[in-house]
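Colleague: What follows is each chain in one-letter form.
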Amino acid sequence: MSITAITMPKWGLTMTEGKVVQWLKPQGASFTNGEELLEIETTKITNVLEADANGTLARIVAPEGTTLPIGALLAVVAPETTPAAEIDAFVADFVVPEPAEEPPAEAEAAGPRTVDIGGRTLRYLERGSGVPVLLLHGFGADLNSWMFTQPALAEGCRTIALELPGHGGSTKDVGAGNLNALADAVEAALAGLGIEQMHLVGHSMGGAVAAAVAIRKPERAATLTLIASAGLGPEINATFIEGFVRASRRKDAEAVLRLLVRDPGLVSRTMVEDVLRNKRIDGATQALETVAHAWFPGGQQTVDLVAAVDALTTPVQVIWGRDDRIIPMTHASALATRLPVIIVEQAGHLPHMEKAGAVNDLIRRFVKA
Amino acid sequence: MAQKTIRQALHEALAQEMRRDPRVVIMGEDVSGGAGTPGGRDAAGGVLGVTKGLIAEFGEERVIDTPITESAIMGAAAGAAATGLRPVAELMFSDFLGVCFDQIYNQAAKFRYMFGGKARTPLVIRTMIGAGRSAAAQHSQSPYGIFTSVPGLKVVVPSNAYDAKGLLIQAIRDDDPVIFCEHKLMYDLKTKVPDEAYTIPFGEASIVRDGDDVTIVALARMVHYASEAAEKLAREGIDCEIIDPRTTSPLDQDTILDSVARTGRLVVVDEATPRCSMAADIAALVAENAFAALKAPIRRVTAPHTPVPFAPVLEKLYIPNADRISAAVRDVHGYAR
Numbered sequence: 001m002s003i004t005a006i007t008m009p010k011w012g013l014t015m016t017e018g019k020v021v022q023w024l025k026p027q028g029a030s031f032t033n034g035e036e037l038l039e040i041e042t043t044k045i046t047n048v049l050e051a052d053a054n055g056t057l058a059r060i061v062a063p064e065g066t067t068l069p070i071g072a073l074l075a076v077v078a079p080e081t082t083p084a085a086e087i088d089a090f091v092a093d094f095v096v097p098e099p100a101e102e103p104p105a106e107a108e109a110a111g112p113r114t115v116d117i118g119g120r121t122l123r124y125l126e127r128g129s130g131v132p133v134l135l136l137h138g139f140g141a142d143l144n145s146w147m148f149t150q151p152a153l154a155e156g157c158r159t160i161a162l163e164l165p166g167h168g169g170s171t172k173d174v175g176a177g178n179l180n181a182l183a184d185a186v187e188a189a190l191a192g193l194g195i196e197q198m199h200l201v202g203h204s205m206g207g208a209v210a211a212a213v214a215i216r217k218p219e220r221a222a223t224l225t226l227i228a229s230a231g232l233g234p235e236i237n238a239t240f241i242e243g244f245v246r247a248s249r250r251k252d253a254e255a256v257l258r259l260l261v262r263d264p265g266l267v268s269r270t271m272v273e274d275v276l277r278n279k280r281i282d283g284a285t286q287a288l289e290t291v292a293h294a295w296f297p298g299g300q301q302t303v304d305l306v307a308a309v310d311a312l313t314t315p316v317q318v319i320w321g322r323d324d325r326i327i328p329m330t331h332a333s334a335l336a337t338r339l340p341v342i343i344v345e346q347a348g349h350l351p352h353m354e355k356a357g358a359v360n361d362l363i364r365r366f367v368k369a
Numbered sequence: 370m371a372q373k374t375i376r377q378a379l380h381e382a383l384a385q386e387m388r389r390d391p392r393v394v395i396m397g398e399d400v401s402g403g404a405g406t407p408g409g410r411d412a413a414g415g416v417l418g419v420t421k422g423l424i425a426e427f428g429e430e431r432v433i434d435t436p437i438t439e440s441a442i443m444g445a446a447a448g449a450a451a452t453g454l455r456p457v458a459e460l461m462f463s464d465f466l467g468v469c470f471d472q473i474y475n476q477a478a479k480f481r482y483m484f485g486g487k488a489r490t491p492l493v494i495r496t497m498i499g500a501g502r503s504a505a506a507q508h509s510q511s512p513y514g515i516f517t518s519v520p521g522l523k524v525v526v527p528s529n530a531y532d533a534k535g536l537l538i539q540a541i542r543d544d545d546p547v548i549f550c551e552h553k554l555m556y557d558l559k560t561k562v563p564d565e566a567y568t569i570p571f572g573e574a575s576i577v578r579d580g581d582d583v584t585i586v587a588l589a590r591m592v593h594y595a596s597e598a599a600e601k602l603a604r605e606g607i608d609c610e611i612i613d614p615r616t617t618s619p620l621d622q623d624t625i626l627d628s629v630a631r632t633g634r635l636v637v638v639d640e641a642t643p644r645c646s647m648a649a650d651i652a653a654l655v656a657e658n659a660f661a662a663l664k665a666p667i668r669r670v671t672a673p674h675t676p677v678p679f680a681p682v683l684e685k686l687y688i689p690n691a692d693r694i695s696a697a698v699r700d701v702h703g704y705a706r
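From first to last, the protein sequence lines are chains A and B. Residues 1 to 369 (my numbering) are what the first sequence spells out, left to right. Residues 370 to 706 (my numbering) are what the second sequence spells out, left to right.
Some hints could be false.
Unchecked claim - Below 30 Å or equal to it, Euclidean Cα-Cα: the simulated BS3-like pairs (lysine-lysine) are:
1. A:Lys10 x B:Lys601
2. A:Lys10 x B:Lys664
3. A:Lys19 x B:Lys561
No wet-lab data here; the hints were simulated from the structure.
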């Protein structure tokens, strides 16, 4: 039996350090693969680190409240019978790996890239190799929506987090901004990237776009995972949509972003600042207005894909946070007799971020099946 | 996203706005830079190279080298703004405000008010501030407090390249006169800056660092010293929140007051002299509106009430630094009634 380290993970492109918020297992406790070990706060959002194997938490090295760089030693995993001196030696010998000082050109290449879609460009981040998995974010979001999902899926899959027109670093020319316009853009990007068949994962508005891509050419979609998806019922929180489009200052943006999650404490200053940075780009707010008007005029969804999703031969799973305040969970329960529906407890509209481990498992299992 | 210097960010803002709006013109001493030298026009691109390349793209109709007379530059720019252009005029050193203050203080700043709201003066004045280059008493001052005291002027004091670009574009699109202060030691500072045009609203402070123990409000170059101090203090167990107001007029009072309501302690860091200054103004704001929250006296870390010394040793003493900020923070943190 060997002694192993639990170290500070790297979640997302910009994370350099994390803060130990709370240990969910006490020192000396044993745990099984997938169990929650501790909560870590990044500048964006707080997430839970899960065990990736069975073991015993022989020594907690990082006390609650400490901020440590990526790779720093958090705890030692060792069999119960390990002498304390051996653990002491392991802690003493542990060396935090230096963050790779990549030359700027390579660092840029490893970051997001763009794909041309007939004179406009869409930005995307690619990670891993294998079967393609396309990740489509929701209204107002960007590829950072998948900061916890993409690293988990990239082990064994070629993951592509694509930014829809009007969002993130993609073109602000959204055309009509409606379902067809966004689905056309995604299809053009897929052609540009040479992807013919893939697993589709979409969140909220991106869920409806993912569904449309599958409906247009069912043979192309291996599976379809819909997370708190639009297009499955008429209601949507108009306060959020309108507030998000209007917000140009931190306070206003923070108030609407808090609607997205069950625990408002999850919304960090960096998350708010990143949203505002996207929205400040020339044309971004107008693009969001066009999209919002096409999809959700007067707080009602115009897109209805229930029948078409129902008729799909592609395997579909539906994931929803029980406490979703943007699109009600009842949209999922209405489908439960016909499709596999998983309700995630203790989560709002962002279950893939709020309960990343559980949702990652659901997607992984579905993609592998 | 590419890392860009403040110099590049300002250049990009000017070029993008000049492409977008033909009414945007720039004018000032040597804004093309190099006329009469072997290199010819555009050899220098202004004293610090910010405007290099603009005359090649936009021509001398829109990139106007002026005689060395600040009163004429500011007068012409104020008139051009009042009659339909959107000039970006350069007051090379803010220390020269004395020779053109009538045009700024008693003319441009008053037009909107005196013409019953019917006149618009979309004028930007770019100007250099700051000590640290041994440029002596007449080329090293930070008089943004003087500009801030004038109703009718908006005043921008950026601390990094991202803010500099977004705030300069906002300044150019704004319909009121804006004084845009650039610290002369910060042009080479880099941060990530989008290629696209974007705006940052005036009166929205940036929270540079979160903390619950002490609020530090710092301006321009002082933001970086405050960050350096906060790093050290964090290791001592003192968590500082750093607020960069970004614009001193309008001033984001809410962000400052909200923070002090939480921390109960305030240190203001200002490179300018202390009397009738931004440091005094912010201290008064908090004393007046957050008195009940205060757990310790407010501390100001500023230059002394003297001209900026030429001697490098004295100049170094003159400018607030991380050690002085740390000392002030420890002082308010350890204060007991």
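Colleague: All the hints need checking, so say for each whether the structure fits it.
Modeller: Here's how the hints hold up against the structure:
no. : hint               : result
1   : A:Lys10 x B:Lys601 : holds, 24 Å
2   : A:Lys10 x B:Lys664 : violated, 38 Å
3   : A:Lys19 x B:Lys561 : holds, 24 Å
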